[in-house]
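Colleague: One letter stands for each residue in the lines below.
Number of protein chains: 2
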Amino acid sequence: MIFERIAIVGAGLIGASVALAAREAGAAGGISIYDANESVRQRARSLGFGAVFDDPEAAAAEADLVLLCVPVGAMAAAMGSVAPALKSGAIVSDVGSVKGAVIDAVRKLTPAHTFLVPGHPLAGTEHSGPDAGFAALFKGRWQIITPLDDARPEYAAAVEKLEAFWRALGAQVERMDASRHDVVLAVVSHLPHLIAFNIVAMAEDLESVTESEVVKYSASGFRDFTRIAASDPTMWRDVFLNNRDAVLEVLGRFSEDLAALQRAIRWGEGETLYALFDRARRMRREVIEAGQDTPAPNWGREN
Amino acid sequence: MIFERIAIVGAGLIGASVALAAREAGAAGGISIYDANESVRQRARSLGFGAVFDDPEAAAAEADLVLLCVPVGAMAAAMGSVAPALKSGAIVSDVGSVKGAVIDAVRKLTPAHTFLVPGHPLAGTEHSGPDAGFAALFKGRWQIITPLDDARPEYAAAVEKLEAFWRALGAQVERMDASRHDVVLAVVSHLPHLIAFNIVAMAEDLESVTESEVVKYSASGFRDFTRIAASDPTMWRDVFLNNRDAVLEVLGRFSEDLAALQRAIRWGEGETLYALFDRARRMRREVIEAGQDTPAPNWGREN
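Top to bottom, those sequences are chains A and B.
Quick note on this note's numbering: the first sequence kicks off at 1 and runs consecutively.
Quick note on this note's numbering: the second sequence kicks off at 1 and runs consecutively.
Next up, chain A with everything else stripped away, as it sits in the complex:
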């Protein structure tokens, strides 16, 4: 057991998975749950995630770790709702996909007798809500911790305790600077999702090809994009609003490269195309070798 009691604020895919994983791993003596949405609380109760409270302060009062599992734009409100109840020495952490903006919003609401240790589990699926949670979600996945600039030994101890908790849930822990996190995630996660949202929404209102044709023949490439484009729209709206600078920078680069590719197609520059496609192919091999994806063709889908 890492913590006597944890409180999870927000019982969606991530919050639910933390509850299930912590119980399975025996990482928490007790688990308190709060969600601002009444029907989610109801569902959390029937799914047996832990002790579900109708009041955020009541949920957080006894907790040694309070984990904010809400969309990035709702972090400040979540923190404000539990702050008055936090006990001395409590660790507050979060699972937001953006770290700079969350730290800016939450830090000033953090009581002096508690420790704010921001984090981000690189784990999830295209599904959302309490029913989407499962205990194995964090197994083998990265948990990035972005500690504040706080030299107190008690703070260092809080960081280590939080890291031990995530390790108990099966994650690999990595420390990173918050601004570095936001740039790296803009590349590996935020831009890919943005591109996927864009192509899928575009295909829906083309005039030249009907939506039913797109759906019917989607297995020839398009369907791959629909998966990540099915992720929670509120979560992603908040990511783009709160990691704007890093996303716009990498998006600018993407558009620039795409314009060059467009030009190569227009002018029939076969060698340029071949060289670029060959380069992209090598990256896949590295991803497989790093154990970050399955080598099974089509991800092992039956068809």
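Since the hints were derived computationally from the structure, they do not count as laboratory data.
Do not rely on the hints blindly, as some may be mistaken.
All copies of an identical chain are treated as equivalent in the list; a pair is satisfied when it fits inside any one copy or across any two copies.
[What the hints assert, rightly or not] Dumping the calculated BS3-like pairs for lysine-lysine here, alpha-carbon to alpha-carbon at most 30 Å:
(1) 108 - 216
(2) 161 - 87
(3) 87 - 216
(4) 108 - 139
(5) 87 - 108
Here the structure of chain A is known, so what remains is to put chain B in place on it, guided by the hints.
Modeller: This is chain B only, laid out in the frame that chain A set:
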């Protein structure tokens, strides 16, 4: 048995899979194989795809169906190499991802005593070469046939026979106009691949984030793009060179929509973002309902 003997020209992923599927289904009495690459022929021999010939004319001489399974840019050469040997009444087909340009290149090389019936199986994986082939590749997938404008009853019979062959291999057959095919495929296949190639190649030479960071954290979205970007570069070069107009048109639309999305991020237009992401999510549900992808989270990947 649909055909007494078929000849497959090109023993890569598709050619190899046709050979294996035709044998398993008993759709061909005999299978002849030719590949312009000697080491591929060698491999085809040891994998036992059929009777492997070192000469294209010898492979095609007895065949009732000659199936060209080479990249789009190599179709004319493949057709030229077998044309002198084609027997009277033979059906010639292909598996090219572009139909207009292939028909333009191949039609004029087709002997008058044979029937050209172009086609395109919407099936494949990110792997290529003879070892990537497997018999189940076409099961439940679409086979698009784009018949020429030929009113002879013998031609109609040839089209039907080819369709029966693909059905025997497990495919669902659909007839389509060649130019319509090229527009639809530009949307559902060519653009998605282009976008994937672009983002993966871009990530490889970013200055702000190292390649090893991209690989390490790729499971948060990026890895999905590396899969289709691992497809055969020669095949894809030829697709873009030969379906230029349709690809440039849909790419123009993609870029336009992406610019609007960029603007919404820059100006913090949360409602615009939410509405677009929500729309994209609905498309995923349609793809699942149409049986075109698995509903399993993360495609059932372990992690």
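Colleague: All the hints need checking, so say for each whether the structure fits it.
Modeller: Hint check results:
1. 108 - 216: neither (51 Å within a copy, 33 Å between copies)
2. 161 - 87: within (17 Å within a copy, 77 Å between copies)
3. 87 - 216: neither (56 Å within a copy, 37 Å between copies)
4. 108 - 139: neither (33 Å within a copy, 58 Å between copies)
5. 87 - 108: Answer is within; shortest intra-copy Cα gap is 17 Å, inter-copy 83 Å.
In this structure, the hints that do not hold are numbers 1, 3 and 4, in rising order.
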